[in-house]
Amino acid sequence: MNKISVLLVDDEEDLSLVLAERLQMRGFDAEGVMSAEAALGRLSEKSFGVIVIDIKMPGMGGLELMRKVKHAYPGMQIILFTGHGSSKEGEQGIAEGAFDYLIKPVKIENLIKKINDAAGV
Amino acid sequence: MNRISPEDRYNKLMTRGLVFFGRIAASVTHELNNAIAIINEHSGLLDDLAEGVRQGMPVDDKKLKTIAKKIAAQVDRGKELIKRLNRFAHAADEPLKQSDLDDLLIGIIELSRRLADLKGMQVRFEAASSKIMLTGNPFFVQQAVFTALELFMEAAEKNRLIIVTCGKDETAVWMKLTGASISVADNAASKRADLALLMEQLKGIVEYIDEGHQASIVLKLLL
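Line by line, the protein sequences give chains V and S. Start counting the first sequence at 63; every next residue gets the next number (the working numbering). Start counting the second sequence at 150; every next residue gets the next number (the working numbering).
Next comes chain V alone, as it looks inside the complex (with noise of 0.2 Å):
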């Protein structure tokens, strides 16, 4: 079976980095980066089966980024970060297409289960 490749996307380093070698560890292709500009950089790259973007980060925000990967990649599944209150940019994020929204911090079961049920898995 393929492995899901992943690529996540968060401001904060420590925590896309950690996430990506906690998947890694299970089975799954991720890797982390760390803003919206490098997240473009590498689709452009290496093609993904799920992103996962953090919703407020400096620069281009992640429903500005969800936006122009839907475009340019209209098969890519899309799952948001927020952190708490922010559940209301959630629900636009999935009323624009996200697959779903997570709210921070997240137990890596439930992240994979929800790669796993965007990817089809």
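Note that these hints are calculated values from the structure, not bench results. One should not assume that every hint holds.
Stated by the list, open to error - Restricting the straight-line Cα-Cα distance to at most 25 Å, the calculated cross-link-like pairs of lysine-lysine (DSS-like) are: (1) S:Lys-161 to V:Lys-132; (2) V:Lys-130 to S:Lys-268; (3) S:Lys-280 to S:Lys-232; (4) V:Lys-108 to V:Lys-132; (5) V:Lys-169 to S:Lys-212; (6) S:Lys-219 to V:Lys-169; (7) V:Lys-169 to S:Lys-214; (8) S:Lys-307 to V:Lys-130; (9) V:Lys-132 to V:Lys-175; (10) V:Lys-169 to S:Lys-218; (11) S:Lys-340 to S:Lys-161; (12) V:Lys-150 to S:Lys-268; (13) S:Lys-228 to V:Lys-169.
What the hints assert, rightly or not - Calculated Cβ distances over 12 Å to all of chain S for the following chain V residues: (14) Asp-91; (15) Gln-154; (16) Asp-162.
Even glycine gets a Cβ: it sits at the ideal position worked out from N, Cα and C.
Following the hints, position chain S against chain V.
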């Protein structure tokens, strides 16, 4: 300028004050949540590594030390955020208080940092050459500075850097914010009205300076 009744003024100040308090509390708790999320992931990573050891994988002591350091860094970040938020909350304790102006400005700039970051903006504080003590309502002073910062944050032309300076002369204690441009959007008018109201309450004035290539807001607390 239209005069408003003391009761209306009080109600307006209270309402705007609550909104300001809420904005700061939401921003700081969001950042605190990020620190907790990072600790959560590193704690999970430790669990993963322990599981690996149970299955006979070697322990990488350098990695363990790195994880410990990362957790400690986030604990320090959380402590600093809580300290700032607590100080800020206590600013509302006494309506008239002597405060160190540098401390007040550093406090509100640090509390606004994430909001500024989200707008791709940096705020730099240049302290006065000597200590300036301010007698007034520290909460309103911080609210006034924050409102001025918002006018820069919401400007159509991106403000990459806002410089905050302060000083004292024969007539006033002043705080000056300088950036590329100040918002002239529709909601800027109500922010300017809020700022005028706050400065009036603080027995001060607000001045807007447009020099073409840069703009400033000067908040003067009259002596």
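Hints and how they fare:
Between Lys-161 of chain S and Lys-132 of chain V the CA atoms are separated by roughly 43 Å; this puts the pair beyond 25 Å, and the hint is violated. A distance of roughly 19 Å separates the Cα atoms of Lys-130 of chain V and Lys-268 of chain S; the hinted pair therefore holds under the 25 Å criterion. For the given pair, Lys-280 of chain S sits about 22 Å from Lys-232 of chain S by alpha-carbon distance, which is consistent with the 25 Å threshold. For the suggested pair Lys-108 of chain V and Lys-132 of chain V, the alpha carbons sit about 16 Å apart, so the restraint of at most 25 Å is met.
Between the alpha carbons of Lys-169 of chain V and Lys-212 of chain S the distance comes to roughly 22 Å, so the proposed pair stays at or under 25 Å and holds. The suggested pairing of Lys-219 of chain S with Lys-169 of chain V holds, with an alpha-carbon distance near 19 Å, which does not exceed 25 Å. This hinted pair checks out: Lys-169 of chain V and Lys-214 of chain S have alpha carbons roughly 23 Å apart, not beyond 25 Å. Our distance criterion of 25 Å between C-alpha atoms is met by Lys-307 of chain S and Lys-130 of chain V, whose separation comes to about 21 Å.
With a C-alpha separation of about 22 Å, the suggested pair Lys-132 of chain V and Lys-175 of chain V falls inside the 25 Å cut-off, and the hint holds. A hinted pair counts as satisfied when its Cα atoms are at most 25 Å apart, and Lys-169 of chain V with Lys-218 of chain S qualifies at roughly 22 Å. Among the hinted pairs, Lys-340 of chain S with Lys-161 of chain S is consistent with the structure: their alpha-carbon atoms are about 12 Å apart, no more than 25 Å. Our distance criterion of 25 Å between C-alpha atoms is met by Lys-150 of chain V and Lys-268 of chain S, whose separation comes to about 20 Å.
Annotation: proposed proximity of Lys-228 of chain S to Lys-169 of chain V holds, straight-line Cα distance about 24 Å (limit 25 Å). Listed as a non-interface residue, Asp-91 of chain V keeps its Cβ farther than 12 Å from every Cβ of chain S; the least gap is roughly 17 Å. Annotated as non-interface, Gln-154 of chain V keeps its C-beta farther than 12 Å from every C-beta of chain S; the closest such distance is 16 Å. Residue placement check: Asp-162 of chain V keeps its beta carbon more than 12 Å from all beta carbons of chain S (closest about 18 Å).
Of the hints listed earlier, the one the structure fails to meet is number 1.
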